[in-house]
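Peer 1: Single-letter residue listing:
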Amino acid sequence: MRPDDLAIDNCLKCSLCNTVCPVLAADPRYPGPKRLGPELERLRREGISTDTEWVEYCLGCHRCDLSCPNQVNVSEMIARAKATHRKPLIRGLRDWWFARPGLLGKLTTILPALSNFALAMKSARYLMSKIMQITPQRTFPKYTRPDLRSPAMTGKARQRVVFFPGCFIRYNRPELGRVVIDLLERNGFSVEVASSECCGVPASANGDAAVARSLARANVRAMAAQVDSGLRIVTACSSCGHMLKTAFGGILDGDKKFAGAAREIASSTFDLAELLMAQADAGELNTNFQPADLRLAYHAPCHQKSQGIGRPWYHLLRMIPGVTVEDMDAGCCGMSGTYGFKQEKYAVSMEIGEQLFASIRAAQPQMVATECATCQMQIEHGTDFKAIHPAEILLHAYDRQSDAE
Amino acid sequence: MESDRCDVVVVGEGIAGFTAAAAAAHRKMKVALVATGPGSIVNGPGWLKAQDILHASSAPELSEAIAFFCEMARRAGCPFAGDVSTAKYLPSLLGDFERVALAPLLLWNAEPRDGVATVIIGVQGLSSFDENFMAERLNEQSRSMNSNGTYAGRQISFARDMGTPVTPLRIAQLFDRDADFRKELICALRAVASGFQRIFVPGILGVDSSAEQIAEFSHEVGCPVCEIPTLPPSISGLRVFHRMESYLRNIGVELFRGFPVEKVELHDGVCTGVRVAAPGHAMNLRGQCVVLATGRHSASLLGGAYAVLDQEMRPLDSTGAVMARNLFIAGSLPHSTSNNGDAMRILAGYRAGNLAASTGGNHAA
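Taken in order, these protein sequences are the chains called A and B.
The numbering used here puts the first residue of the first sequence at 1, with every later residue one more than the last.
The numbering used here puts the first residue of the second sequence at 1, with every later residue one more than the last.
Bound conformation, chain A alone (with noise of 0.2 angstroms):
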């Protein structure tokens, strides 16, 4: 992607984006990414109002522009002008929330079995699917108390790094958190969790484009001493791995201060498998897998992809004796965070799921495993079988060992 204004002269509307987006194919009536990127934003950008309510329906899944020969930013110019975008006062107030993870997971963990037993209960589903438009078809995480802490320096440790854990680690999965920060250990990394903020995603998604550059300044500001003492960042979760490796989708590009930094950032960030696969590569991967007799389904998430690192999981899994992995490469599932529990969008977010739902049930694995907290919600409300973080079956095989070292 060429993340410049000029890229839209690079359109030459050869309708590629067109034949990737998940959106279009489920749904007929939506305009596509060629229409609502470059075609559009030429007259956007002459001052002629082109206002339409389909920018809503963008996922944000970079499909788009990982398909483009001649490397249009297509996602971006919508996501543009998502967010001057109108929209009617209750889904503006419902987007509100939406874009606002962090918030929302600090309100709800001051007393997590309160907040649990409200989200469950059908009543109040009932009321948010009225008053806000939420759909009731879903379930929402289970929050708990965010107790992640930086462990204590180990001894052996050869490297340090900052681990970004993100909302869901956060606030709903502090466990996970655990997992990666024990992995990391077992490979010879000594880890720091990152005094951060929410990435920016659910924000940008949600066009509030102000929320999420106050997010990345907040992110910047957190992070920069450790980068700039040349520390590596690690993520976990694929959305905010994309956020921070793009340079939190270059909003902060114009930002004197902090344009800078934002772009340090950019270039120390790792998704977790990219690093451990890095350390396969030297070497110095701890390979003291236990065999295990298990059979996976792997889903590439859409914000794994964006970040052109290959498929570090799905080799990482592979290393383990006894487990087959199959790459499902069905597309997007169609939850892209918080699009999947508005309730107009439900049906569409669905409709996209469907062709990775198949792919699951076809290849009738034990679980799947998928390194997105949405991804794995979707796989497991369109699916019966269950599906897991990559890292926690990593662990797994290490756990076995009868303790060794």
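Because the hints were derived from the structure by calculation, they are not lab data.
Don't take each hint at face value.
Listed below are the simulated DSS-like cross-link pairs for lysine-lysine, each with C-alpha atoms no more than 30 angstroms apart in a straight line [stated by the list, open to error]: (1) A:K130 to A:K87; (2) A:K305 to B:K263; (3) A:K106 to A:K87; (4) A:K142 to A:K87; (5) A:K305 to B:K28; (6) A:K386 to A:K305; (7) B:K263 to A:K13; (8) A:K256 to A:K13; (9) A:K142 to A:K106.
Here are the in silico distance ranges between beta carbons for each label pair [as the list claims (entries may be wrong)]: (10) A:Y126 to B:Q124: 50 to 56 angstroms; (11) B:E220 to A:D329: 26 to 32 angstroms; (12) A:G254 to B:G320: 47 to 53 angstroms.
Remember, predicted model here, so these are calculated numbers, not experimental data.
Glycine included, every Cβ here is placed at the ideal spot set by N, Cα and C.
We have chain A; now place chain B onto it with these hints.
Peer 2: Relative to the frame of chain A, chain B by itself:
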């Protein structure tokens, strides 16, 4: 941060890149295929023009390369028909007849036929394809070729919302996804096919569909079905691309899609790999050898430094020295003014893939 996990790095997902990757993979190499986006095959019918083949027919190994390509296509579920010595006239998207030597099977039987009545199918609301225009053009063209075959246009429609406008892509995706839609289409075709011996449809029979699926469909319709190419993205070209890409993935080729190669690493006459401009930090793909199948982009990747290739398809610098002993170029030459054509792309890809494979590799599965 990927690395030495491959023997051969192929850059470019056009016909040359696919053929090179397949040739190397067939020789048990671990292959990585890197591309910013699909090659130009997705914009056209996916066929090989006769002029390319005849122009190149004196090239050594051409038949072998074409045979290899056809075998790859057959295994990929998008078989080609034709060969290097014969040519047929097939309808183009403008309603002309083009001389074609090799084409996807679904396009191959659309040549003018004496005494055959062909129905050309339009779809209500379909943009960029007019069945009556096509019929008129083909009638005129076939008359001028002294064929007495006839063409007539018929329109079909569907009860469901097909979008506005209806695109060949939309219909092809429904064809792939929805068994009910396929049934609906079969019924609609049957209803207009009586009295005709052949059905021509625009490129709508699936983006991912295999030859077996299409054969089964055609059987259900009860009348031979051929496709006519449509505007880009041309479904018939796109289908070849999709099938070949999945085939390569299935035989173990690792695909890196979406980001450009920003540098070819050359050190002391050896190419150590390529640097891919992924977000944040570049990804270094290292390989025992590298095949650049990026057409004219190859020159800029090498700093515009090469003008010619040696016998083994390696670029030479301005002094005539080999730039890297393990770097091969497949595709158009930078300073050539003619379009080298698909036949040469296949040949160059085949040769480069084989040369790369014989240069070694130690990561084979």
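Peer 1: For every hint, state whether the structure bears it out.
Peer 2: Status of the hints after comparison with the structure:
no.: 1; hint: A:K130 to A:K87; result: 17 angstroms, holds
no.: 2; hint: A:K305 to B:K263; result: 21 angstroms, holds
no.: 3; hint: A:K106 to A:K87; result: 26 angstroms, holds
no.: 4; hint: A:K142 to A:K87; result: 29 angstroms, holds
no.: 5; hint: A:K305 to B:K28; result: 27 angstroms, holds
no.: 6; hint: A:K386 to A:K305; result: 22 angstroms, holds
no.: 7; hint: B:K263 to A:K13; result: 28 angstroms, holds
no.: 8; hint: A:K256 to A:K13; result: 35 angstroms, violated
no.: 9; hint: A:K142 to A:K106; result: 13 angstroms, holds
no.: 10; hint: A:Y126 to B:Q124: 50 to 56 angstroms; result: 42 angstroms, violated
no.: 11; hint: B:E220 to A:D329: 26 to 32 angstroms; result: 28 angstroms, holds
no.: 12; hint: A:G254 to B:G320: 47 to 53 angstroms; result: 48 angstroms, holds
Violated hints, listed in ascending order, are 8 and 10; each of the other numbered hints is respected by the structure.
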